[in-house]
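Visitor: With the hints as extra help, turn the sequences into a complete structure.
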Amino acid sequence: MSRSSFCAAHHQASTLYLPPGSWQTVLECLCEHFSTISREQWLDRIARGRVLDGEGKAIAAGLPYREGLRIHYFREVPDEKPIPVVESILYADEHLVVADKPHFLPVTPAGEYVEQTLLRRLIRRLDNPHLVPLHRIDRHTAGLVLFSANPQSRSAYQSLFPTRQIEKRYQAIAPALPELIFPRVHKSRMIDGEPFFRMQEGPGEPNTETAIEVLEKNGELWRYGLYPVTGKKHQLRVHMHALGAGICNDPFYPDVLRDVADDYANPLKLLAQGLSFIDPVTGQERVFQSDISLQW
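With this note's numbering applied, the sequence shown covers 1038 to 1333.
Derived from the structure by calculation, the hints contain no laboratory data.
Since the structure is predicted, the reported quantities are computational estimates derived from the model, not experimental observations.
Hints may contain errors.
What the hints assert, rightly or not - List of simulated lysine to aspartate or glutamate pairs, EDC-like, C-alpha gap at most 16 Å:
| id | residue 1 | residue 2 |
| --- | --- | --- |
| 1 | Lys1118 | Glu1152 |
| 2 | Lys1224 | Glu1250 |
| 3 | Lys1224 | Glu1242 |
| 4 | Lys1270 | Glu1238 |
| 5 | Lys1270 | Asp1229 |
| 6 | Lys1118 | Asp1299 |
| 7 | Lys1118 | Glu1149 |
| 8 | Lys1269 | Asp1229 |
| 9 | Lys1269 | Glu1242 |
| 10 | Lys1270 | Glu1246 |
| 11 | Lys1270 | Asp1300 |
| 12 | Lys1269 | Asp1175 |
| 13 | Lys1118 | Asp1300 |
| 14 | Lys1254 | Asp1229 |
| 15 | Lys1269 | Glu1204 |
| 16 | Lys1269 | Glu1246 |
| 17 | Lys1224 | Glu1246 |
| 18 | Lys1270 | Glu1152 |
| 19 | Lys1224 | Glu1238 |
| 20 | Lys1269 | Glu1238 |
Guide: Printed below as a string of structure tokens:
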């Protein structure tokens, strides 16, 4: 495997530094460390070259154990359920790919989703293992996601986000808030919530900021324009809930809907609708807009 191919593959692989123990082989260590994965499954992965050493070479089943040895392995979910939505590619050049992500599709592998992710789908469609997302949006949120297509220019695009040189525009449909004055800016300190995957507002210096305006009124529901200045996990969902207008069909806020199957007819009414920035490589102004629209 060439160095460039290994680096590309490494983006999709998980890494384990072998812990202290008395195992004879790497296989024995893996079987005990990952007790939910059977010996037969590990042998099958090793046979298919899905377990690599630190140099990116496929290991043999009898590779001797050594504490601290670096092992890369590819996560696999048996019988992964297809997600019946289709992403679209709005723009692609040698440096940048702009995708329009439908609701319910994760951006990157996590939990029960590996192949059914926007990243894996785009790697297959574009035959480019170097693709890396420059930012994330939630699985339940639809809209624009930028990908770096070229390791050489990646850092230039990545720097757009922490330096706030990119303008992000969202839309949401949520209950009307006639008692509040818009446009308004909502600032708060967001901290980890319960359960572990939620966020909540807490005391202290604000670390999040969102500008909010009303775009359209339709009886008890309004369409809001949301412009996040910061980019914390679940920021827009938490901010709208804090104002008293949780986004429609949100499975996490105000309450977690447990063990509920994805309802493709009633997605979270949140859309990453627009992105604009000065391209750090070409100097051109870039303006992208989602083709997806939120329905009442």
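Visitor: Evaluate each hint against the coordinates.
Guide: We went through each hint and held it up to the structure:
Taking the CA atoms of Lys1118 and Glu1152, the gap is about 9 Å. The hint holds against a cut of 16 Å. The hinted pair formed by Lys1224 and Glu1250 meets the criterion: a straight-line CA distance of about 14 Å does not exceed 16 Å. Distance check on the hinted pair: Lys1224 and Glu1242 sit about 9 Å apart at the alpha-carbon level, within 16 Å; holds. A threshold of 16 Å between alpha carbons decides the hint, and for Lys1270 with Glu1238 the separation of about 12 Å falls inside it, so the pair holds.
Taking the CA atoms of Lys1270 and Asp1229, the gap is near 10 Å; set against the 16 Å cutoff, the hint holds. Restraint check: the Cα-Cα separation between Lys1118 and Asp1299 comes to about 12 Å, which is no more than 16 Å; the hinted pair holds. At most 16 Å may separate the alpha-carbon atoms for a hinted pair to count; Lys1118 and Glu1149 meet this at roughly 9 Å. At roughly 11 Å between alpha-carbon atoms, Lys1269 and Asp1229 fall within 16 Å of each other, so this suggested pair holds.
Between Lys1269 and Glu1242 the CA atoms are separated by roughly 15 Å; this keeps the pair inside 16 Å, and the hint holds. Simply put, Lys1270 and Glu1246 have alpha-carbon atoms about 12 Å apart, close enough for the 16 Å limit, and the pair holds. Restraint check for Lys1270 and Asp1300: the C-alpha separation of about 22 Å exceeds 16 Å, so the hint is violated. Of the pairs offered as hints, the one joining Lys1269 and Asp1175 holds, with about 11 Å between alpha carbons and a cut-off of 16 Å not exceeded.
Proposed proximity of Lys1118 and Asp1300 is supported: the alpha carbons are some 15 Å apart, at most 16 Å. For a cut-off of 16 Å, the pair hint linking Lys1254 to Asp1229 is broken: about 33 Å separates their Cα positions. Our distance criterion of 16 Å between C-alpha atoms is met by Lys1269 and Glu1204, whose separation comes to about 15 Å. For the suggested pair Lys1269 and Glu1246, the alpha carbons sit about 9 Å apart, so the restraint of at most 16 Å is met.
Simply put, Lys1224 and Glu1246 have alpha-carbon atoms about 4 Å apart, close enough for the 16 Å limit, and the pair holds. For the suggested pair Lys1270 and Glu1152, the alpha carbons sit about 23 Å apart, so the restraint of at most 16 Å is broken. Of the pairs offered as hints, the one joining Lys1224 and Glu1238 holds, with about 10 Å between alpha carbons and a cut-off of 16 Å not exceeded. Between Lys1269 and Glu1238 the CA atoms are separated by roughly 12 Å; this keeps the pair inside 16 Å, and the hint holds.
Hint check: violations occur at hints 11, 14, 18; the rest are consistent with the structure.
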